[in-house]
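Q: Line by line, the protein sequences give chains A, B and C.
So for the first sequence, our numbering puts the first residue at 1; every next one is plus one.
So for the second sequence, our numbering puts the first residue at 1; every next one is plus one.
So for the third sequence, our numbering puts the first residue at 1; every next one is plus one.
Simulated from the structure, these hints should not be mistaken for lab results.
A couple of the hints might just be wrong.
To be verified - Here are the in silico distance ranges between beta carbons for each label pair: (1) GLN45/B with LEU162/A: 45 to 51 Å; (2) THR285/C with ASP24/A: 34 to 40 Å; (3) PRO39/B with ASP24/A: 56 to 62 Å; (4) ARG68/A with ASP171/B: 22 to 28 Å; (5) THR146/A with ARG233/C: 36 to 42 Å; (6) THR92/A with GLN45/B: 21 to 27 Å; (7) ASP24/A with ARG283/C: 35 to 41 Å; (8) ASP83/A with GLY59/B: 26 to 32 Å; (9) PRO39/B with PRO39/A: 45 to 51 Å.
Said to hold, decoys possible - To give a feel for the contact side, a few chain A residues facing chain B, derived at Cβ under 8 Å: (10) LEU16; (11) LEU76; (12) HIS82.
What the hints assert, rightly or not - Where chain C lies over chain A, by a calculated footprint (3+ residues, C-beta under 8 Å): (13) 21-34; (14) 52-66; (15) 113-119; (16) 141-147; (17) 160-169.
Computed from a predicted model, the values in this text were never measured in an experiment.
Glycine residues also receive a C-beta, built at the ideal position from the N, C-alpha and C atoms.
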Amino acid sequence: MTDDVMDAAPPLTEQLEAVLMIADEPLSLVTMATAVSAPVPAVRQAVETLVDDYDGKAGGPRRGFELREVGGGWRLYARAEHDAVLTDFVNTQAPSRLSQAALETLAVIAYKQPVSRGQVASIRAVNVDSVVRTLLARGLVTEVGTDAETGAILYGTTDALLVNLGINSLDELPHISPLLDGPDDTDIFEGAR
Amino acid sequence: MTDDVMDAAPPLTEQLEAVLMIADEPLSLVTMATAVSAPVPAVRQAVETLVDDYDGKAGGPRRGFELREVGGGWRLYARAEHDAVLTDFVNTQAPSRLSQAALETLAVIAYKQPVSRGQVASIRAVNVDSVVRTLLARGLVTEVGTDAETGAILYGTTDALLVNLGINSLDELPHISPLLDGPDDTDIFEGAR
Amino acid sequence: MVPSPEPELDPSTSSGTADGTGTVDGSGTADGTGAGERSGTGEGEGFRVSLGVFDGPFDLLLTLISKHELDITEVSLSKVTDEFISYLRALEGADELDEASEFLVVAATLLDMKVAGLLPQGELVDAESVALLEARDLLFARLLQYRAFKEASTWFAGRMQAEDRRHARTVRLDAKYRNTVPELVWTLSLDDFAALAVLAMTPKEIPHVGLDHLHAPLVSIREQAAVVVSMLRTAGTLSFRQVVAGVSQPGVFVARFLSVLELYRHAAIGFEQLEPLGELTLRWTADRWSEENLAALGADYDR
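If we strip away everything but chain A, and leave its shape as in the complex, we get:
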């Protein structure tokens, strides 16, 4: 047990690990320093400690991930040695055909864009989070902004979809207007109880 220093705040390295674990993009030393309220030089030293630690140079085992400096910031990456395993893993997660659920969600986004996941979910009456992730990963939809009121991310389709459909612009999508003129307030579910 190494609980001997637990009376004080957790070590800087531990706090940085927590921040790095959930960060989606490289973090500059200044950003990290702000996040954990510590001076930059201390953060720099802690980052170096972690880099060595993950590389197995601090007595512990080498980790399956590494802390790398990329584009002016630090981020956790899966270690490159495991790329073969990871590529297989990603492939099994992403089959070459879109599921029916994904296609339907894509169709809703195409006609209703810009649209939030919540709005799509209420139209389809199922949760679409993972399906939207798939579409994002496939580059068929993209984030196009945020709802001014709710702050929800709004999605739209990309040129890649147009290419797949063989059209030049969204205007060429067949009209299905009667359905689109329907009750515009998909927020019936916001207040729904």
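Based on the hints, put chains B and C in the right spot on chain A.
A: Leaving out everything else, chains B and C in the frame of chain A:
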């Protein structure tokens, strides 16, 4: 490049760490076993090793992250102690809270599943249609079949609910069974008089 | 107010001390029918009753009754109802409707229990008395079941709130892995795609197996509701007398009245009656109304 130890395969724990690092949802033992081509028992043991390791029980320092079993799978989380710091950092917008009516309906479905809307309504004694739609759109419940006799859609809860509750299986719900033996079973009150 | 992690709930000890009219902090886990619908846990708010034998939150009253620490026959239900109605006046809109419907369940159960409690009981000799007691047990069971789920929902809320604060690693897949994903196989034509959009956006028809052939209703409440809806949507405001003008069959008359109640329950109409047995004025108030609403209406009567 440190290719000097590349003759042997990297330890299972290291491969799992790499996979967990790029996963964006809880991974079951089977999924992980497939990804790293190892038998499930070995993966289970490696996962346990990592859990202890991150908790500082394996000689090394406690980590700023932890490996949690949630919603039927394993996933990396920032350690709970740092959640306050991280909230400032990520400024995530929590999804809007469920209404009391939605929570109660969710509770009935969780305990009574598979259950039809009509059955839920007879317990809650109010119309639950819109609430069930909200729960469907949130991905917390899903259609699990139809009643053989009436053809009514039956609902059950999803793994996403487990993740939202931070539990791993329905067995972890609080016990309220003595009160739920349907009205057919009046024995439950034998001792109450 | 995050419940303790150990998974055990005992609704009989949920809200404060059970010492009769003693002090109650009103911040128990379940606020009974009181808590504001949106706020989830309305501390100390909610419906309180002030009776001769009891003064405190409504939920505690139920607890005491179900634990047999307060005799249901000593509770004036009409007084409880009066207080509830004045409590409702202070609420607004949807909160009011939801609370009212929940109160009705509980009040109806209490009323049944009270009837069972007031009837002479005597020795447990004849089958009738046994049946009476069993009926009372059923009512207790119903009440307790309802409250157990209410209680459980508090646990759900607490867990969800706690989990909201947790941070899992969810990062975008690195470009180098994204690029290794096999090429997408796309087979849909433009028209297929549009057809799919239509399919995806068509409101789901709820499969419904009619039981009409089993209990053929002489008059359909749903059909009568459709009549009422079209009349009210055209006129806006009508008296009930006008709504049933020309109806001669008692069955249609009753069904039309029941459909009015159902429509009120769905918050589609409002009504006012200035004095008991006076003219009943109906008003169309629904912001949104669709055939789907109508299809679901009166489903209780199908059974």
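Q: So, for every hint listed, does it hold in this structure?
A: Status of each hint after checking the structure:
Taking 45 to 51 Å as the suggested C-beta distance range, the pair GLN45/B and LEU162/A conforms, at roughly 50 Å. Distance hint check: the CB atoms of THR285/C and ASP24/A are about 47 Å apart, inconsistent with the given range 34 to 40 Å. Checking the proposed 56 to 62 Å range against PRO39/B and ASP24/A shows it is violated: the Cβ atoms sit about 33 Å from each other. Restraint check, ARG68/A to ASP171/B: a C-beta distance of roughly 41 Å breaks the suggested window 22 to 28 Å.
Range check, THR146/A to ARG233/C: Cβ separation about 38 Å, and the 36 to 42 Å hint holds. A hinted range of 21 to 27 Å for the beta carbons of THR92/A and GLN45/B is consistent with their spacing of about 23 Å. Evaluation of the 35 to 41 Å hint for ASP24/A and ARG283/C yields a failure: the beta carbon distance comes to about 53 Å. The hint said 26 to 32 Å for the Cβ distance between ASP83/A and GLY59/B, and at roughly 29 Å that hint holds.
The hinted window of 45 to 51 Å between PRO39/B and PRO39/A holds, with their beta carbons roughly 48 Å apart. Nearest Cβ of chain B to the Cβ of LEU16/A: about 7 Å, under the 8 Å cut. The hint holds. For the restraint placing LEU76/A at the interface with chain B, the shortest Cβ-Cβ distance is roughly 6 Å, inside the 8 Å limit, so the hint holds. Checking HIS82/A against chain B: minimum C-beta separation of about 4 Å stays under 8 Å; hint holds.
Counting residues of the stretch 21-34 of chain A whose beta carbon lies closer than 8 Å to any beta carbon of chain C gives 4, which meets the minimum of three for the stated coverage. Evaluation of the coverage hint for the stretch 52-66 of chain A: breached, as 0 residues show C-beta separations to chain C shorter than 8 Å, against a requirement of three. Note: the stretch 113-119 of chain A has 0 residues with beta-carbon separation from chain C under 8 Å; the three-residue rule is not met and the coverage is violated. Three residues within the 8 Å Cβ limit are the bar, and the stretch 141-147 of chain A against chain C gives 0, so the coverage statement is violated.
Coverage of a stretch by a chain is defined here by at least three residues with a beta carbon nearer than 8 Å to that chain's beta carbons; for the stretch 160-169 of chain A and chain C the count is 4, and the condition holds.
Violation of the numbered hints given earlier is confined to hints 2, 3, 4, 7, 14, 15 and 16; the remaining hints are satisfied by the structure.
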